[in-house]
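Peer 1: Next come the chains, spelled out residue by residue.
Number of protein chains: 2
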Amino acid sequence: MVKILVTNDDGIHSPGLYVLADAVRGFGDVYVVAPEKPKSATGLGMTLHKPLRVKRVPGKENTFAISGTPSDIIHIATNVITGPVDLVVSGINVGDNTSIQVILSSGTIGAAAQAALLGIPAIAFSMAVSDGEEIEEQAEKVTQVIRSVVEHVLTFGLPEGVDVISVNLPGKITEKTDVKVVPAAKLRWRELVDERTDPMGEKYYWIYGEPTEIEPGTDVHVVFREGNIAITPLSLNINVPMNEGEGGRIREYMGALRANVAAVIRKMH
Amino acid sequence: MVKILVTNDDGIHSPGLYVLADAVRGFGDVYVVAPEKPKSATGLGMTLHKPLRVKRVPGKENTFAISGTPSDIIHIATNVITGPVDLVVSGINVGDNTSIQVILSSGTIGAAAQAALLGIPAIAFSMAVSDGEEIEEQAEKVTQVIRSVVEHVLTFGLPEGVDVISVNLPGKITEKTDVKVVPAAKLRWRELVDERTDPMGEKYYWIYGEPTEIEPGTDVHVVFREGNIAITPLSLNINVPMNEGEGGRIREYMGALRANVAAVIRKMH
Numbered sequence: 001m002v003k004i005l006v007t008n009d010d011g012i013h014s015p016g017l018y019v020l021a022d023a024v025r026g027f028g029d030v031y032v033v034a035p036e037k038p039k040s041a042t043g044l045g046m047t048l049h050k051p052l053r054v055k056r057v058p059g060k061e062n063t064f065a066i067s068g069t070p071s072d073i074i075h076i077a078t079n080v081i082t083g084p085v086d087l088v089v090s091g092i093n094v095g096d097n098t099s100i101q102v103i104l105s106s107g108t109i110g111a112a113a114q115a116a117l118l119g120i121p122a123i124a125f126s127m128a129v130s131d132g133e134e135i136e137e138q139a140e141k142v143t144q145v146i147r148s149v150v151e152h153v154l155t156f157g158l159p160e161g162v163d164v165i166s167v168n169l170p171g172k173i174t175e176k177t178d179v180k181v182v183p184a185a186k187l188r189w190r191e192l193v194d195e196r197t198d199p200m201g202e203k204y205y206w207i208y209g210e211p212t213e214i215e216p217g218t219d220v221h222v223v224f225r226e227g228n229i230a231i232t233p234l235s236l237n238i239n240v241p242m243n244e245g246e247g248g249r250i251r252e253y254m255g256a257l258r259a260n261v262a263a264v265i266r267k268m269h
Numbered sequence: 001m002v003k004i005l006v007t008n009d010d011g012i013h014s015p016g017l018y019v020l021a022d023a024v025r026g027f028g029d030v031y032v033v034a035p036e037k038p039k040s041a042t043g044l045g046m047t048l049h050k051p052l053r054v055k056r057v058p059g060k061e062n063t064f065a066i067s068g069t070p071s072d073i074i075h076i077a078t079n080v081i082t083g084p085v086d087l088v089v090s091g092i093n094v095g096d097n098t099s100i101q102v103i104l105s106s107g108t109i110g111a112a113a114q115a116a117l118l119g120i121p122a123i124a125f126s127m128a129v130s131d132g133e134e135i136e137e138q139a140e141k142v143t144q145v146i147r148s149v150v151e152h153v154l155t156f157g158l159p160e161g162v163d164v165i166s167v168n169l170p171g172k173i174t175e176k177t178d179v180k181v182v183p184a185a186k187l188r189w190r191e192l193v194d195e196r197t198d199p200m201g202e203k204y205y206w207i208y209g210e211p212t213e214i215e216p217g218t219d220v221h222v223v224f225r226e227g228n229i230a231i232t233p234l235s236l237n238i239n240v241p242m243n244e245g246e247g248g249r250i251r252e253y254m255g256a257l258r259a260n261v262a263a264v265i266r267k268m269h
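Chains P and R, in that order, give the protein sequences. At the far end of the first sequence sits residue 269, using my numbering, and the numbering has no gaps. At the far end of the second sequence sits residue 269, using my numbering, and the numbering has no gaps.
One chain only, chain P, in its complex shape (with noise of 0.2 Å):
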């Protein structure tokens, strides 16, 4: 019987969880593993310094409420909880995980990610709405595609190079939406500061975001301009590729670095 762990970063109580469960139910024993509370734009952050505490949740099968981080899930609840599973699954979450700067601090995808890094095919899955009500107005058509993409992967594994897909569902499914297999845009938001002064007379600070222009073949204008499904294929490899191309600029350039260095450690002695 396959195994599938389903987890977010919006917490155990967000209704993107169960309509992500619920949908990939048929497909073998599902167990649902999420933070207690909302862990937002926490990206593969783990707790390393505080225990963590387990609780089930009453009046629903297989449910788990931790408290701790999308990654930290990962790991107790495939160590504790779940053994080994053979999908992990992570959303379904409340607004888009498109760009790379999203991406790399979305809790959302770092689950996905810390998963993959066990060698567990993850799929995350994400809507560009700004509540989960909108999602679970959508459920039926939802359920029928993230049906779609779990069924191709537990079918077929992921592909050797690929270690998440991140499939980003615009805020309206309608007959009209497409599905593009793109790659995520370099930005989605400049960040600006917005500074106030509180009742005491001190400062403090509100980090928000503005959009930035969209380019044309990236998640972000697929969701966003054109309302239609991005299938995002991603890999952990952050490695430099030095061998070809533009890489031997790069090894000649990383190569006279080391020699730099190296004089220096000579030198002390």
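Since the hints were derived computationally from the structure, they do not count as laboratory data. Among the hints, a few may not be true.
The list treats identical chains as interchangeable, and a pair is accepted whether it falls inside one copy or across any two copies.
The calculated lysine-lysine pairs, modelled on BS3-like cross-linking and capped at a C-alpha distance of 27 Å, are [said to hold, decoys possible]:
no.	residue 1	residue 2
1	K180	K267
2	K37	K50
3	K60	K37
4	K60	K203
5	K3	K37
Got chain P; can you put chain R on it based on the hints?
Peer 2: Coordinates of chain R only, in the frame set by chain P:
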């Protein structure tokens, strides 16, 4: 005048922060902006739902503590404190940041990556010690290594395709220390979970790691087996290349997946 932002994830009281700041002081105007509390393993996590505080550190010039993550700091610093900067250096982290597994959840590298997203050249320094005092004891040697790296990057910039340079120093720098340009290993730890029972009879869990097998030619091998310095260029481009070699297979896989999802949507209406 070159402007350099120095940050870390170990927090404003970490000795490694000041060894790094002092090392780069000769190159330009130096600003030290770090988390008021340690923020290890926060990756590129950001604080979106809480306001942030900025405190000037008394007795230290251009030194500020912020109630947020390393990634928050990049935005707060460049928006409110420093204006545009020419270079971000992050560290010196107490403990290595070797392997993709560790890099992706590292706050030290998270700060550098966040800077890179803004187009700022960024270097992360980490040292395989367990205590900041071990960095201070070797401050003179470490300083020279840092200066040789920073000088190269300030002189030539970073080559296209390289977003962050990560330097991992061994626990001891001696006349035998060599310098190698190597990719990051995939894994450094196998995560395990320790189950305990508190005095109230409730279970709690610690996540901890056991070292994995060490692959030659990687950062982990260079630092821990050889005791040498590992320099690793990193790219934030986590998109899977689909055009070449193996990519044909990936493109085919993704094309079939796309067709599946598109068929499901057509049938909905």
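Peer 1: All hints are to be evaluated individually against the structure, with a verdict given for each.
Peer 2: Results for each hint:
no.	hint	result
1	K180 with K267	between (56 Å within a copy, 17 Å between copies)
2	K37 with K50	both (16 Å within a copy, 14 Å between copies)
3	K60 with K37	within (18 Å within a copy, 38 Å between copies)
4	K60 with K203	between (45 Å within a copy, 20 Å between copies)
5	K3 with K37	within (25 Å within a copy, 39 Å between copies)
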